[in-house]
Structures are given as C-alpha cells and as structure tokens.
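**Student:** With the hints as extra help, turn the sequences into a complete structure.
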Amino acid sequence: MTKDGLVEQNARTKEETRISEREKDFDLRRSQDLPPQDNRDLSSETRRKRKQLPPVQEAASLEQQPEAVSSQEPEIYAQEPEAVKEKEIQHGIRYQQRFTEQESSDLKPAEPELPKKESKLQFTADEVPQEPGKKLTNARRKAERTSQKLETAQQNLPARRKLRLSVESDVETGKAKRRLKFEKEVVSQRDHMKGAKPLRPVKKGANAAIGYAHKKIYENEHENIGIEAAHRSELVAEGGLRALNHRRKSAPYRKVSRLQKKASRASAKAAYQQVLHENPKLKSNLLARMWQKQKIKRQYAKAAREARRAGQTAKKTAVTTEKIAGRVAFFVKRHPIIFGIATLLLLLFFLISSVFTSCSSMGTGGLGIVAASSYVAEDQDINQAELSYTEWETDLQIQIQDAEAQHPGYDEYRYQVGNVGHNPFELMGFLTASYHGFTYEQIEAVLREIFSEQYRLEFIPETEIRYRTETRVDPVTGETTEEEVPYEWHILNIRLTANSFTDVIAGRMDNGQKELFNILMMSKGNRQYVANIFGDTDWLPYVTSYYGYRVHPISGGKDYHKAVDIGMPLGTEILAGHDGTVTQAGESGSYGLVVVIEGTMKDGRTLTTKYAHCSQLLVTPGQTVKQGDVIAKVGSTGNSTGPHLHLEVLVDGQYFNPLYFTDTGNHTAGTMAPGTPGGPEIPAYPGEPMGDGSYAALIAEAQKHLGKPYVFGASGPNSFDCSGFVCYVFNQSGVANVGRTTAQGLYNMSTPVSRENARPGDLIFFTGTYSAGTPVTHIGIYIGNGQMIHAGDPVQYASIDTSYWQQHFYAFGRLN
Numbered sequence: 001m002t003k004d005g006l007v008e009q010n011a012r013t014k015e016e017t018r019i020s021e022r023e024k025d026f027d028l029r030r031s032q033d034l035p036p037q038d039n040r041d042l043s044s045e046t047r048r049k050r051k052q053l054p055p056v057q058e059a060a061s062l063e064q065q066p067e068a069v070s071s072q073e074p075e076i077y078a079q080e081p082e083a084v085k086e087k088e089i090q091h092g093i094r095y096q097q098r099f100t101e102q103e104s105s106d107l108k109p110a111e112p113e114l115p116k117k118e119s120k121l122q123f124t125a126d127e128v129p130q131e132p133g134k135k136l137t138n139a140r141r142k143a144e145r146t147s148q149k150l151e152t153a154q155q156n157l158p159a160r161r162k163l164r165l166s167v168e169s170d171v172e173t174g175k176a177k178r179r180l181k182f183e184k185e186v187v188s189q190r191d192h193m194k195g196a197k198p199l200r201p202v203k204k205g206a207n208a209a210i211g212y213a214h215k216k217i218y219e220n221e222h223e224n225i226g227i228e229a230a231h232r233s234e235l236v237a238e239g240g241l242r243a244l245n246h247r248r249k250s251a252p253y254r255k256v257s258r259l260q261k262k263a264s265r266a267s268a269k270a271a272y273q274q275v276l277h278e279n280p281k282l283k284s285n286l287l288a289r290m291w292q293k294q295k296i297k298r299q300y301a302k303a304a305r306e307a308r309r310a311g312q313t314a315k316k317t318a319v320t321t322e323k324i325a326g327r328v329a330f331f332v333k334r335h336p337i338i339f340g341i342a343t344l345l346l347l348l349f350f351l352i353s354s355v356f357t358s359c360s361s362m363g364t365g366g367l368g369i370v371a372a373s374s375y376v377a378e379d380q381d382i383n384q385a386e387l388s389y390t391e392w393e394t395d396l397q398i399q400i401q402d403a404e405a406q407h408p409g410y411d412e413y414r415y416q417v418g419n420v421g422h423n424p425f426e427l428m429g430f431l432t433a434s435y436h437g438f439t440y441e442q443i444e445a446v447l448r449e450i451f452s453e454q455y456r457l458e459f460i461p462e463t464e465i466r467y468r469t470e471t472r473v474d475p476v477t478g479e480t481t482e483e484e485v486p487y488e489w490h491i492l493n494i495r496l497t498a499n500s501f502t503d504v505i506a507g508r509m510d511n512g513q514k515e516l517f518n519i520l521m522m523s524k525g526n527r528q529y530v531a532n533i534f535g536d537t538d539w540l541p542y543v544t545s546y547y548g549y550r551v552h553p554i555s556g557g558k559d560y561h562k563a564v565d566i567g568m569p570l571g572t573e574i575l576a577g578h579d580g581t582v583t584q585a586g587e588s589g590s591y592g593l594v595v596v597i598e599g600t601m602k603d604g605r606t607l608t609t610k611y612a613h614c615s616q617l618l619v620t621p622g623q624t625v626k627q628g629d630v631i632a633k634v635g636s637t638g639n640s641t642g643p644h645l646h647l648e649v650l651v652d653g654q655y656f657n658p659l660y661f662t663d664t665g666n667h668t669a670g671t672m673a674p675g676t677p678g679g680p681e682i683p684a685y686p687g688e689p690m691g692d693g694s695y696a697a698l699i700a701e702a703q704k705h706l707g708k709p710y711v712f713g714a715s716g717p718n719s720f721d722c723s724g725f726v727c728y729v730f731n732q733s734g735v736a737n738v739g740r741t742t743a744q745g746l747y748n749m750s751t752p753v754s755r756e757n758a759r760p761g762d763l764i765f766f767t768g769t770y771s772a773g774t775p776v777t778h779i780g781i782y783i784g785n786g787q788m789i790h791a792g793d794p795v796q797y798a799s800i801d802t803s804y805w806q807q808h809f810y811a812f813g814r815l816n
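Just so you know, the sequence shown maps onto residues 1 to 816 in the working numbering.
In short, the hints are calculated from the structure, not lab data. All values reported here derive from a predicted model rather than from experimental measurement. Worth double-checking, as some hints may not be accurate.
Below are the BS3-like pairs computed for lysine-lysine, each with C-alpha atoms no more than 27 Å apart in a straight line [claimed, not checked]:
{"#": "1", "residue 1": "LYS134", "residue 2": "LYS261"}
{"#": "2", "residue 1": "LYS708", "residue 2": "LYS633"}
{"#": "3", "residue 1": "LYS249", "residue 2": "LYS149"}
{"#": "4", "residue 1": "LYS261", "residue 2": "LYS194"}
{"#": "5", "residue 1": "LYS184", "residue 2": "LYS135"}
{"#": "6", "residue 1": "LYS558", "residue 2": "LYS626"}
{"#": "7", "residue 1": "LYS162", "residue 2": "LYS194"}
{"#": "8", "residue 1": "LYS249", "residue 2": "LYS134"}
{"#": "9", "residue 1": "LYS184", "residue 2": "LYS134"}
{"#": "10", "residue 1": "LYS514", "residue 2": "LYS562"}
{"#": "11", "residue 1": "LYS142", "residue 2": "LYS261"}
{"#": "12", "residue 1": "LYS162", "residue 2": "LYS262"}
{"#": "13", "residue 1": "LYS261", "residue 2": "LYS249"}
{"#": "14", "residue 1": "LYS135", "residue 2": "LYS194"}
{"#": "15", "residue 1": "LYS194", "residue 2": "LYS142"}
{"#": "16", "residue 1": "LYS562", "residue 2": "LYS602"}
{"#": "17", "residue 1": "LYS135", "residue 2": "LYS149"}
{"#": "18", "residue 1": "LYS558", "residue 2": "LYS514"}
{"#": "19", "residue 1": "LYS558", "residue 2": "LYS704"}
{"#": "20", "residue 1": "LYS162", "residue 2": "LYS142"}
{"#": "21", "residue 1": "LYS142", "residue 2": "LYS255"}
{"#": "22", "residue 1": "LYS184", "residue 2": "LYS261"}
{"#": "23", "residue 1": "LYS134", "residue 2": "LYS149"}
{"#": "24", "residue 1": "LYS261", "residue 2": "LYS149"}
{"#": "25", "residue 1": "LYS255", "residue 2": "LYS149"}
{"#": "26", "residue 1": "LYS249", "residue 2": "LYS262"}
{"#": "27", "residue 1": "LYS602", "residue 2": "LYS626"}
{"#": "28", "residue 1": "LYS135", "residue 2": "LYS162"}
{"#": "29", "residue 1": "LYS708", "residue 2": "LYS626"}
{"#": "30", "residue 1": "LYS261", "residue 2": "LYS135"}
{"#": "31", "residue 1": "LYS135", "residue 2": "LYS262"}
{"#": "32", "residue 1": "LYS194", "residue 2": "LYS184"}
{"#": "33", "residue 1": "LYS249", "residue 2": "LYS194"}
{"#": "34", "residue 1": "LYS562", "residue 2": "LYS194"}
{"#": "35", "residue 1": "LYS149", "residue 2": "LYS262"}
Label-pair restraints from in silico Cβ distances [stated by the list, open to error]:
{"#": "36", "residue 1": "GLU464", "residue 2": "ILE398", "range": "27 to 33 Å"}
{"#": "37", "residue 1": "SER257", "residue 2": "THR439", "range": "51 to 57 Å"}
{"#": "38", "residue 1": "ASP801", "residue 2": "SER694", "range": "38 to 44 Å"}
{"#": "39", "residue 1": "SER694", "residue 2": "VAL485", "range": "15 to 21 Å"}
{"#": "40", "residue 1": "PRO717", "residue 2": "HIS490", "range": "21 to 27 Å"}
Every residue gets a Cβ at the ideal spot worked out from N, C-alpha and C, and that includes glycine.
**Tutor:** Have a look at this one:
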C-alpha cells in the first residue's frame with residue numbers, strides 16, 4: 001500500500017504494479033525544491049511512466065505552462081501514456097498550472113508605474129477631511145444616548161386619549177372632510193397631580209372635611225395630652241405620606257425635565273466638539289474656545305424656549321371636544337353642575353362636622369345644600385351692604401378730588417393715588433360664606449374694618465427750600481447785581497394706599513369658607529328675579545357703570561346710580577326680563593326712550609324693570625309681554641355718552657342692585673380671555689390697522705403727558721387714570737371719539753387681536769391689577785416692539801414682557 005493507492009509487488013524481482021482504481025496523488029512541490037533528476041521520492045509507477053513519456057507529449061505539456069516559467073527549468077512531472085485516462089492528465093495539468101502561476105507572480109519583475117495624470121482639483125493639508133477624534137466621537141455617542149433616554153421618558157409620561165376634529169381634503173371631490181378621531185395626548189403635570197376630573201370635587205371636599213376635622217381636634221386636644229400627642233403623630237405621618245405620594249406622581253415629569261437639561265448640555269457639548277474638529281485653530285486660542293462654547297449654549301437654550309412656546313401655542317390652538325363642551329356649558333342658563341358640585345362638597349363637609357355638632361345645630365345655622373350656592377340674607381340687607389361700601393368709596397374719591405379746595409395755601413399738590421373699587425360678587429360671597437343669613441347691622445362694623453384695611457388716605461405736607469434769582473439796584477451807585485435768594489416751597493402730598501379687596505377678604509376666611517365662597521362666585525347667589533335681557537349673552541364684561549354711589553361723569557358730584565349701564569352695539573335687541581305689563585313706553589326726559597314693565601313675583605311682591613336710552617321701542621303701554629319677548633333696541637337717547645342700556649330693578653318700589661337680582665349670563669368664577677378655551681375667538685382678520693398719519697397724531701398727543709401723575713378716576717389734562725388717559729388721547733388727537741369710559745368699556749368697543757397681528761395704535765388690556773367687577777382692569781396704547789405707553793405712576797413707557805404685565809395680560813384690541 002502506497003500513497004498512490006494499492007500496489008502489487010513481485011517477490012522475486014521486487015517490481016511493483018499499481019492496481020488501485022482511484023486517481024493518483026501528485027507531488028505539488030516546486031521544482032526548485034527538488035534536486036535535479038532525483039526520482040527517489042517518486043513512486044515506481046511514476047518513474048516508469050516518466051521514462052515512457054514521448055518527447056512530443058512532453059513539449060505539449062510544457063506549452064500549457066505560463067510564459068513566466070523558464071524553458072530551462074528542470075522537468076518535474078511526467079505525463080502518462082495515452083493508455084491512461086484523459087481525465088487524469090487534465091487533473092494533473094490543472095494542479096500544475098495553479099502552483100506555477102503562484103510562482104510566476106512571485107518571480108515576475110514589477111512593471112514600471114505609468115505617470116498619473118495630475119488632477120485639476122487640489123487640496124491643502126488643512127482642507128483634507130480629518131477623522132473625528134476621540135472626544136468628538138464620545139460626545140456624539142453621549143448626545144445620542146441621552147436623546148434616546150429622553151424620548152423613552154417622554155413616551156412613558158401619563159397620557160390620555162383625546163377626541164379631536166381633523167379636517168382632510170378629499171382628492172376626488174376637492175371638498176373638506178371632517179371627522180373625529182382619538183389621539184394620544186400627554187397629561188400636564190398639573191392635571192396629573194390633581195387627578196381625574198370627575199374625582200376632583202370629591203378630593204377637594206374630602207380635603208376640606210379633613211381640614212375641618214383637624215380644626216375641631218385642635219380646639220379640644222389641649223384637654224387630653226394623649227390625644228394631643230396622637231394628633232401630632234398623625235399629622236407628621238399624613239404629611240410624610242402626602243410628600244411621598246407627590247414625589248411618586250411627579251417622578252415621570254421630573255425625570256423628563258432632568259433628561260431635557262442633560263440632553264441640551266450633551267448636544268451643546270457635541271456641537272462644541274464638532275466646531276473644534278472643523279476649526280483646529282480654535283484649539284490654540286482659549287478665549288475663542290470659551291466664546292464659541294457660550295454661543296452654542298445660548299443657541300440651544302433659545303431653541304428649547306422656542307420649542308416650549310410652540311408647544312404651548314399648539315395646545316392653545318388645538319380644536320378639541322373639551323373646548324366645544326366648554327362653549328355649550330358657557331351658554332346654559334342654569335349650570336346644573338354647579339349645584340351638583342355644591343351638593344357633593346356640602347355632604348362631605350356635613351358628614352365630618354356631624355361628629356362634633358348635631359344635625360339640629362346644622363339646620364339652625366341656615367346652611368343647607370341649596371343654600372350653599374345662594375345668598376341667604378334678606379334682599380334689603382344684601383342690597384344695603386353693597387350700597388354702603390360704594391358710598392364709602394365715593395366719599396373717598398370726593399375727598400381726594402376736593403383736596404386742593406379743602407387744603408388751600410400750598411404751592412404744589414402731588415398725588416399718589418391707588419385704584420378705588422371692588423368686585424360686588426366678592427363682597428357678597430365673603431359675607432354669605434362667613435356670616436350666612438346676616439343682617440346689615442351685624443356686619444356693618446366688619447365692612448368698616450375691611451374698608452380700613454383696603455384703603456389708607458394720607459395728606460402729608462412737605463416744605464422744600466428753593467432758590468430764585470433776584471436783581472437788586474444799589475441806590476447810591478445805581479449798580480445792578482443778581483443774587484440767589486432762598487425761599488420756601490410748600491407741597492401737599494395726597495397719598496392713597498389701596499390694597500386688593502380680594503387679598504383683604506382672603507385673610508379673613510378659613511378653608512371651608514373659601515370653598516363656599518368659590519361656589520357662590522359661580523352661582524352669583526341664585527337671587528336672579530330677572531332673566532337675561534340679552535338672551536344667552538354674558539353681558540357682565542360690558543358693564544360700564546355699576547349700581548350704587550359714584551362720582552357723576554358729567555357733574556363730578558356724588559351721585560346715587562340706581563341701575564347698571566351695559567355698553568352694547570347700537571340696535572342690539574333687548575328682551576323682557578320677566579312676565580308683566582308694559583306700564584310706560586316712550587320719551588322720558590334724561591332716560592330718553594324708555595320701557596317700564598311691571599309684574600307679580602311668586603311671593604306676591606311687585607317686580608318692576610326699566611330699560612332706558614333705547615333707540616327704538618317695539619311695545620306699547622298696556623301690552624302684556626312674556627319673558628324673552630323683544631321689547632326695544634339699544635340706543636343712546638336722553639343723557640347718554642354712547643350706546644348702552646340703563647337697567648333698573650325694583651321690588652315693591654325699592655331699588656335693588658341688578659347684578660345680584662338679574663341673570664348676567666355669567667356662570668363662572670371669572671371671564672375667559674380671548675383665544676383661551678371657553679373664551680371668545682380671535683378673528684383671523686380684525687380689521688384695518690391704524691394708518692401712519694393717525695398713529696403719528698395719536699402718539700404725539702400721548703407724549704405731551706409723559707410724567708403726569710396717576711390719580712384714580714382722573715380724566716386729564718393734569719392727571720389721569722389708565723382709561724382716562726387713553727380716552728383723552730384718542731379724543732384730543734382726533735383719531736377717534738370714544739367719550740369717557742372705563743378700560744372694560746374700551747375693550748367692549750374693540751375687536752380682539754392676536755399678538756402676531758397687533759400693530760402700533762392698537763390697545764392692550766390687562767386683568768386682575770386690582771379687585772373689580774369686570775375682567776379688564778387696566779389699559780395702555782401699544783406702540784410696537786413689546787412696548788406700550790400708559791398711565792402708570794406716572795404716565796410712562798413700559799415693556800409688556802415683564803413678569804408682572806405678562807401675568808396680568810388679557811388681550812390686544814383694535815377699536816371698531
């Protein structure tokens with residue numbers, strides 16, 4: 001047996017004969033590794049065949065070798081005779097060629113390189129792209145990982161499915177298709193912390209009940225040391241559980257906030273490393289690197305702020321079913337949810353209080369479920385409380401107005417006067433929540449205390465030493481000389497410090513009373529004997545003059561205003577507020593065209609309503625009308641400064657405040673600003689902005705009064721309040737004739753404008769700058785670039801982007 005297979009050996013001659021049927025192995029060693037003509041390592045069969053190889057076949061075999069093999073190279077392989085199978089020959093040749101080609105490639109001399117054609121595009125060493133360094137690579141990886149973590153954290157934020165209205169265009173018909181679909185919306189942290197909306201009233205009531213229980217325990221725990229210690233331990237444990245629950249619910253939002261900051265820093269660092277990579281020269285300049293790094297950080301911070309603003313804008317402009325539902329509820333005449341909430345809160349409140357008081361004492365206290373959302377005092381006491389407070393405020397204004405006449409002899413009078421006013425619903429809500437079925441005699445002293453806390457009027461004399469130049473003539477020489485002579489300048493400072501009525505009463509109520517106060521602010525007391533005289537319109541923001549004592553806008557004296565004035569567009573339909581008979585319809589002196597309706601209430605009392613300054617009467621005397629019938633149209637007849645309705649309400653001949661006894665159409669604790677959910681929409685086109693000529697005249701007039709003092713109720717030209725200044729400037733410049741009205745009145749004359757469309761000459765309105773019965777409490781003239789001119793203290797320019805003005809911003813408006 002050999003490596004070539006099975007062989008047969010002659011024992012005598014030692015000759016071997018190969019009898020195997022498989023193909024032979026080939027010796028694949030290169031020829032230079034073998035000694036010439038050395039056949040010792042070849043098999044006997046191979047040596048025999050090699051001797052029998054004809055010269056012609058051997059030559060043919062060599063012709064198939066590559067040309068790189070030298071013809072002088074010794075022969076290595078012999079070819080088999082023709083008797084051997086052709087496939088064995090071909091098989092050997094293939095192996096021979098494979099290894100001789102390898103040898104040829106190793107021995108073949110290198111060919112000379114041809115000269116390359118020079119490219120026209122040449123780069124310097126600095127322009128050749130450099131491989132990113134380790135710092136840049138790591139910064140990119142960290143920024144990417146942080147971004148992925150942030151995305152995951154944002155996806156894990158609490159979410160809810162919101163029904164949204166989508167508008168799509170039909171490709172075939174070209175018409176718009178509207179359909180409702182559910183979309184995922186992230187719940188804000190504030191809403192998530194409050195919990196589900198249906199459970200919020202329950203939670204709020206439970207908190208009020210728990211607070212009431214703690215209060216009662218506080219009152220009695222001093223009698224027993226054990227109870228006191230247990231109560232203190234319970235308070236500590238309760239506080240700890242609340243803190244843990246708060247951290248648990250806020251954890252996803254805190255994680256997102258943390259990752260947002262981290263991602264911003266990582267992105268800024270990656271951008272910084274990229275700049276260094278692209279500009280290697282910066283690496284050698286420390287100041288340049290620091291400047292570049294700060295610049296990148298500012299850019300990322302700005303991008304983050306813009307992204308947040310864009311998200312807020314998108315949230316405001318999204319069309320949701322929540323907004324639609326809010327509008328529907330806004331126009332409901334009697335909002336049943338208010339009473340449902342009141343019922344639920346009071347049941348929980350009474351459930352806890354029953355542990356400490358009997359049911360009979362609760363009944364005698366005058367509080368019931370229905371009473372919780374109603375004024376429970378008598379009509380006369382309710383009316384007298386508001387009337388007295390307005391009289392004291394009017395006396396205060398008259399005192400300031402007559403300061404120069406009452407304190408003569410001063411060279412100068414300086415005014416520092418705050419706003420005078422209060423919200424009538426806040427006054428009555430506070431009295432009802434705190435004193436329930438009060439009488440005026442019981443609460444008069446309390447009202448005096450509140451008034452003293454809200455207002456403080458001071459007359460502070462001051463003397464300044466000034467100098468004037470006097471010319472003197474010497475009687476002997478006739479020489480003229482000038483010298484500075486001192487003299488006294490007497491000043492009276494009239495200073496009114498006015499605190500917010502809302503803040504004053506807030507400190508006088510406990511948690512339970514505040515809950516009842518909020519309910520009363522929504523229900524408006526449930527004493528509405530007269531229905532809404534403008535249908536479903538919320539006319540409360542359009543009140544230009546309130547019931548009670550006031551400084552008369554024409555005479556300037558103390559005046560008892562027995563009605564409310566509601567500024568509405570000329571020709572607006574007026575509806576009958578109750579069933580009854582028309583007792584008067586015609587001209588009536590200062591009332592102008594007036595309609596008087598008289599009817600009978602369910603308790604037998606006589607209800608009378610008067611509608612004055614009408615432009616057109618649609619009923620006649622003796623005619624019977626039903627609630628909701630159109631009886632007249634808004635006008636400006638009689639003693640009137642502009643189109644409005646003068647509404648009076650009398651019960652058994654006694655004048656009552658129409659705000660308390662008429663449905664205003666407002667069933668919320670406040671009025672929504674334009675462009676907010678539940679508020680009026682801002683039109684896409686609010687009308688033409690003020691022309692250049694009109695604006696130039698307006699601003700020229702306004703600048704004349706820069707530095708003049710602010711005095712509440714003043715209309716110029718020596719002092720102004722905010723609305724007096726705007727009215728004076730518009731009237732005197734000839735741009736518009738707006739008369740003398742309030743900030744709310746000017747808002748009612750305007751069309752809401754978005755900030756993007758606001759132009760110089762538009763008005764800007766603010767809310768909540770002091771306690772008032774209207775949402776708009778301050779006004780200025782917008783001059784562009786985030787600036788306004790207004791009657792601050794004194795008349796001045798101001799930025800509308802400060803935290804104070806942004807907090808109180810209400811709307812932009814363009815005069816109609």
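**Student:** All hints, please: hold or fail.
**Tutor:** Hint check:
no., hint, in the structure
1, LYS134 / LYS261, "holds (24 Å)"
2, LYS708 / LYS633, "violated (41 Å)"
3, LYS249 / LYS149, "holds (20 Å)"
4, LYS261 / LYS194, "holds (26 Å)"
5, LYS184 / LYS135, "violated (39 Å)"
6, LYS558 / LYS626, "violated (37 Å)"
7, LYS162 / LYS194, "holds (18 Å)"
8, LYS249 / LYS134, "violated (40 Å)"
9, LYS184 / LYS134, "violated (41 Å)"
10, LYS514 / LYS562, "violated (31 Å)"
11, LYS142 / LYS261, "holds (13 Å)"
12, LYS162 / LYS262, "violated (31 Å)"
13, LYS261 / LYS249, "holds (20 Å)"
14, LYS135 / LYS194, "violated (45 Å)"
15, LYS194 / LYS142, "violated (36 Å)"
16, LYS562 / LYS602, "holds (24 Å)"
17, LYS135 / LYS149, "holds (21 Å)"
18, LYS558 / LYS514, "violated (34 Å)"
19, LYS558 / LYS704, "violated (31 Å)"
20, LYS162 / LYS142, "violated (35 Å)"
21, LYS142 / LYS255, "holds (17 Å)"
22, LYS184 / LYS261, "holds (25 Å)"
23, LYS134 / LYS149, "holds (23 Å)"
24, LYS261 / LYS149, "holds (12 Å)"
25, LYS255 / LYS149, "holds (10 Å)"
26, LYS249 / LYS262, "holds (21 Å)"
27, LYS602 / LYS626, "holds (15 Å)"
28, LYS135 / LYS162, "violated (45 Å)"
29, LYS708 / LYS626, "violated (53 Å)"
30, LYS261 / LYS135, "holds (21 Å)"
31, LYS135 / LYS262, "holds (18 Å)"
32, LYS194 / LYS184, "holds (19 Å)"
33, LYS249 / LYS194, "holds (10 Å)"
34, LYS562 / LYS194, "violated (44 Å)"
35, LYS149 / LYS262, "holds (10 Å)"
36, GLU464 / ILE398: 27 to 33 Å, "holds (29 Å)"
37, SER257 / THR439: 51 to 57 Å, "holds (54 Å)"
38, ASP801 / SER694: 38 to 44 Å, "violated (26 Å)"
39, SER694 / VAL485: 15 to 21 Å, "violated (49 Å)"
40, PRO717 / HIS490: 21 to 27 Å, "holds (24 Å)"
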